[in-house]
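A.B. asks: Just so you know, the protein sequences line up as chains V and L, in that order. Numbered as in our numbering, the first sequence ends at 417 without a single skipped number. Numbered as in our numbering, the second sequence ends at 294 without a single skipped number.
DSS-like cross-link-like pairs, simulated, lysine-lysine; straight-line CA separation at most 25 Å:
hint: 1; chain 1: L; residue 1: 267; chain 2: V; residue 2: 200
hint: 2; chain 1: V; residue 1: 342; chain 2: V; residue 2: 51
hint: 3; chain 1: V; residue 1: 179; chain 2: V; residue 2: 200
hint: 4; chain 1: L; residue 1: 267; chain 2: V; residue 2: 234
hint: 5; chain 1: V; residue 1: 352; chain 2: V; residue 2: 342
Pair by pair, the computed Cβ-Cβ distance ranges are:
hint: 6; chain 1: V; residue 1: 42; chain 2: L; residue 2: 77; range: 54 to 60 Å
hint: 7; chain 1: V; residue 1: 115; chain 2: L; residue 2: 88; range: 41 to 47 Å
hint: 8; chain 1: L; residue 1: 73; chain 2: V; residue 2: 209; range: 54 to 60 Å
hint: 9; chain 1: L; residue 1: 133; chain 2: V; residue 2: 372; range: 55 to 61 Å
hint: 10; chain 1: V; residue 1: 49; chain 2: L; residue 2: 275; range: 53 to 59 Å
hint: 11; chain 1: V; residue 1: 220; chain 2: L; residue 2: 99; range: 23 to 29 Å
hint: 12; chain 1: V; residue 1: 372; chain 2: L; residue 2: 2; range: 49 to 55 Å
These are calculated hints, taken from the structure and not from any lab test. These numbers come from a predicted model, not from an experiment. Glycine is no exception: its CB is placed at the ideal position from the N, C-alpha and C atoms.
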Amino acid sequence: MSELILSRRGLLTGVSALGATAALSACGAKTGGTTSTGSGATADTSGDTVKVGLLNSLSGTMAISEVTVRDALLLAVKEINAAGGVLGKKLEPVSQDGASDWPTFAEKAEALITDTRVAATFGCWTSASRKAVKPVFERHKALLFYPVQYEGLEQSPYIFYTGATTNQQIVPALDYLKKQGHTRLYLVGSDYVFPRTANKIIKAYAAANGMKVVGEDYAPLGSTEFGTIVNKVKDAGADAVFNTLNGDSNVAFFKEYKSGGLTARSLPVLSVSIAEEEVKSIGTQYLEGQLTAWNYYQTTPGAANTGFVTAYQAAYGKDKPTSDPMEAAYVSVHLWKRMVEKAGSFDVAAVKAAADGIAFDAPEGKVTVDGATQHVHKTARIGKVGADGRITEVWNSGGPVAPDPYLKGYDWASGLS
Amino acid sequence: MTVVLNQSFTGISIGAVLLLIALGLTLTFGQMGVINMAHGEFMMAGAYTAYLLQQAIGDAGFSLLVALPTAFLVAGAMGALLEWLLIRRLYTRPLDTLLVTWGVSLMLQQLARDIFGAPNVQTRAPEWLTGNIGFAGTTLATNRLFILGLALLCVLGLTVVMRSTPLGRRIRAVVQNRDLAKVSGIATGRVDRTTFFIGSGLAGLAGVALTLVGPIGPTMGTNYIVDAFLVVVVGGIAQLKGAVITAFALGVLQSVLEYSTTVSVAKVVVLVAIVAFLQWRPQGLYTLRTRSLA
Numbered sequence: 001m002s003e004l005i006l007s008r009r010g011l012l013t014g015v016s017a018l019g020a021t022a023a024l025s026a027c028g029a030k031t032g033g034t035t036s037t038g039s040g041a042t043a044d045t046s047g048d049t050v051k052v053g054l055l056n057s058l059s060g061t062m063a064i065s066e067v068t069v070r071d072a073l074l075l076a077v078k079e080i081n082a083a084g085g086v087l088g089k090k091l092e093p094v095s096q097d098g099a100s101d102w103p104t105f106a107e108k109a110e111a112l113i114t115d116t117r118v119a120a121t122f123g124c125w126t127s128a129s130r131k132a133v134k135p136v137f138e139r140h141k142a143l144l145f146y147p148v149q150y151e152g153l154e155q156s157p158y159i160f161y162t163g164a165t166t167n168q169q170i171v172p173a174l175d176y177l178k179k180q181g182h183t184r185l186y187l188v189g190s191d192y193v194f195p196r197t198a199n200k201i202i203k204a205y206a207a208a209n210g211m212k213v214v215g216e217d218y219a220p221l222g223s224t225e226f227g228t229i230v231n232k233v234k235d236a237g238a239d240a241v242f243n244t245l246n247g248d249s250n251v252a253f254f255k256e257y258k259s260g261g262l263t264a265r266s267l268p269v270l271s272v273s274i275a276e277e278e279v280k281s282i283g284t285q286y287l288e289g290q291l292t293a294w295n296y297y298q299t300t301p302g303a304a305n306t307g308f309v310t311a312y313q314a315a316y317g318k319d320k321p322t323s324d325p326m327e328a329a330y331v332s333v334h335l336w337k338r339m340v341e342k343a344g345s346f347d348v349a350a351v352k353a354a355a356d357g358i359a360f361d362a363p364e365g366k367v368t369v370d371g372a373t374q375h376v377h378k379t380a381r382i383g384k385v386g387a388d389g390r391i392t393e394v395w396n397s398g399g400p401v402a403p404d405p406y407l408k409g410y411d412w413a414s415g416l417s
Numbered sequence: 001m002t003v004v005l006n007q008s009f010t011g012i013s014i015g016a017v018l019l020l021i022a023l024g025l026t027l028t029f030g031q032m033g034v035i036n037m038a039h040g041e042f043m044m045a046g047a048y049t050a051y052l053l054q055q056a057i058g059d060a061g062f063s064l065l066v067a068l069p070t071a072f073l074v075a076g077a078m079g080a081l082l083e084w085l086l087i088r089r090l091y092t093r094p095l096d097t098l099l100v101t102w103g104v105s106l107m108l109q110q111l112a113r114d115i116f117g118a119p120n121v122q123t124r125a126p127e128w129l130t131g132n133i134g135f136a137g138t139t140l141a142t143n144r145l146f147i148l149g150l151a152l153l154c155v156l157g158l159t160v161v162m163r164s165t166p167l168g169r170r171i172r173a174v175v176q177n178r179d180l181a182k183v184s185g186i187a188t189g190r191v192d193r194t195t196f197f198i199g200s201g202l203a204g205l206a207g208v209a210l211t212l213v214g215p216i217g218p219t220m221g222t223n224y225i226v227d228a229f230l231v232v233v234v235g236g237i238a239q240l241k242g243a244v245i246t247a248f249a250l251g252v253l254q255s256v257l258e259y260s261t262t263v264s265v266a267k268v269v270v271l272v273a274i275v276a277f278l279q280w281r282p283q284g285l286y287t288l289r290t291r292s293l294a
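Based on the sequences and whatever the hints tell you, model everything.
C.D. replies: Structure, rendered in structure tokens:
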């Protein structure tokens with residue numbers, strides 16, 4: 001028996017050993033969660049400061065997007081502290097790294113609530129991370145403010161959703177494509193909760209609106225091989241692509257899209273997870289002319305936005321763009337402050353009771369909290385990427401759209417869950 | 001027909017990336033029996049080298065051309081250093097090389113995170129590498145053609161080195177029988193280090209190539225390392241031609257399956273096919289006949 005064969009066996013044994021270790025540590029994380037102190041962990045509000053948790057991926061595949069959200073949260077905290085804090089107490093942000101890994105998110109959420117004893121937590125990006133922390137916040141009756149557009153069909157009593165739900169982003173985006181005469185859609189997404197649910201909604205919409213979904217593909221998060229998917233898109237006879245890829249897979253996808261000979265003119269891509277920061281890092285030459293759907297762009301007019309952009313760039317650099325999830329994160333801290341002030345207390349139940357109707361003159365325009373769904377009223381916008389990398393609005397809903405996370409107002413959505 | 005051509009090209013281009021990454025491994029794992037988990041991080045080092053050079057030079061095309069030899073040297077030097085510091089003490093203990101180099105790979109990832117920041121970065125591709133060439137009704141992406149060319153050049157270069165240079169002869173002698181080579185007067189330590197230098201340098205080249213298709217980040221190596229090991233194992237661990245055939249075969253298989261099913265199904269089927277193949281032929285496609293007595 002040669003040594004070389006032995007070493008190959010060695011490799012296989014070693015790899016399975018590694019796998020086993022990983023599985024074990026995952027189990028450990030889970031048990032750690034369920035055997036915790038139980039419900040009702042209360043925030044420590046005895047001192048001059050109140051801790052707030054920031055929970056974002058500062059490493060891994062989602063860091064490209066989530067670091068900017070953390071920066072925007074810090075900006076809001078700084079502004080609130082400069083204006084005297086909340087109920088006379090300064091906010092002390094405690095940042096935790098979810099590392100683009102869902103069990104890690106749950107673990108860090110647990111730590112923020114039970115060890116750090118934060119009054120509220122702000123963060124998460126992917127729906128998978130939100131689904132991972134949801135039971136943690138519910139078990140401890142603690143508050144999470146979630147700032148990113150998502151697939152809807154969810155409502156947790158302990159989560160406030162300040163990003164768009166589907167009827168504030170995906171449905172308006174489909175309306176826009178329909179109005180532009182697009183009838184044959186190709187769906188490309190990352191393989192996890194948000195794209196799969198979003199695509200279910202898109203297919204229901206298409207069926208009811210005379211559109212046809214001619215193809216549907218999912219790539220693992222972080223995947224960089226898009227050759228085949230681009231070939232399939234080309235062969236399917238689509239007239240628009242609906243893109244729900246998340247994170248840096250978009251870099252590989254748009255590089256492949258362009259080198260495959262597809263352009264915004266020949267086959268436009270409408271993306272729901274690419275904002276200004278991503279445009280910059282993917283490269284404008286790959287994205288020029290492509291469409292995005294959000295509630296806010298750096299170019300959105302208004303004094304509130306000018307102030308936000310100026311303050312953000314003063315803090316983080318002249319060339320740093322602002323984006324929708326950053327804005328929704330920034331807004332979430334301000335909304336929480338107003339809820340606490342109206343409640344006159346940091347107590348979670350009191351804050352929740354005070355939430356309905358809380359409004360803030362946000363960079364995107366006025367946003368108002370809907371107490372029943374814990375979502376906010378937001379204006380829907382479609383934008384186009386320009387040659388300078390900025391996104392300019394080509395359409396908006398004309399005013400804030402009421403949140404409808406379960407799409408109750410749409411007949412075609414009745415079968416969704 | 002166009003579909004077949006397009007998909008074959010896509011498969012070949014996936015294969016080219018796999019081959020570039022696996023080439024270095026056929027040397028360090030195949031020839032030397034070292035399970036180098038840090039191979040992916042040497043790739044990452046090559047990619048960051050390309051990024052830094054582009055920051056310094058500016059011109060995308062020129063910086064890419066400078067990056068290729070520089071990344072080879074940078075990653076090669078890291079490999080040689082790793083060999084000198086740790087691996088030379090572990091040649092008879094392959095499983096320990098796995099653990100040690102896994103640790104090193106985690107440290108290198110963290111180091112990259114500390115130096116370059118956690119978010120991934122990108123390089124701009126030169127204009128001539130962002131388009132495509134029409135060929136018989138298909139479109140051949142120029143960046144993929146470039147990677148394919150680079151992979152084939154590396155195979156050619158490595159073949160020449162191994163077959164027709166004194167260094168290659170010495171490497172083969174050490175691989176076949178380390179003790180005999182040593183008593184014949186070959187400085188086995190130096191040969192080991194050189195082999196590691198070349199193997200790791202090739203990982204650096206692969207890293208530069210990957211900047212053309214995707215983002216550069218601290219964990220980019222981990223996305224490819226398992227596939228690369230599979231290529232080497234299936235190819236028959238000591239064999240260049242095994243790696244070449246396997247890389248392209250897996251690439252084409254993956255892309256054909258992906259076209260007719262989905263990405264995840266294709267991945268599962270490819271893995272099952274590999275397991276089945278190794279059941280039938282545990283030694284891989286080709287094996288080296290060695291005179292070692294072990």
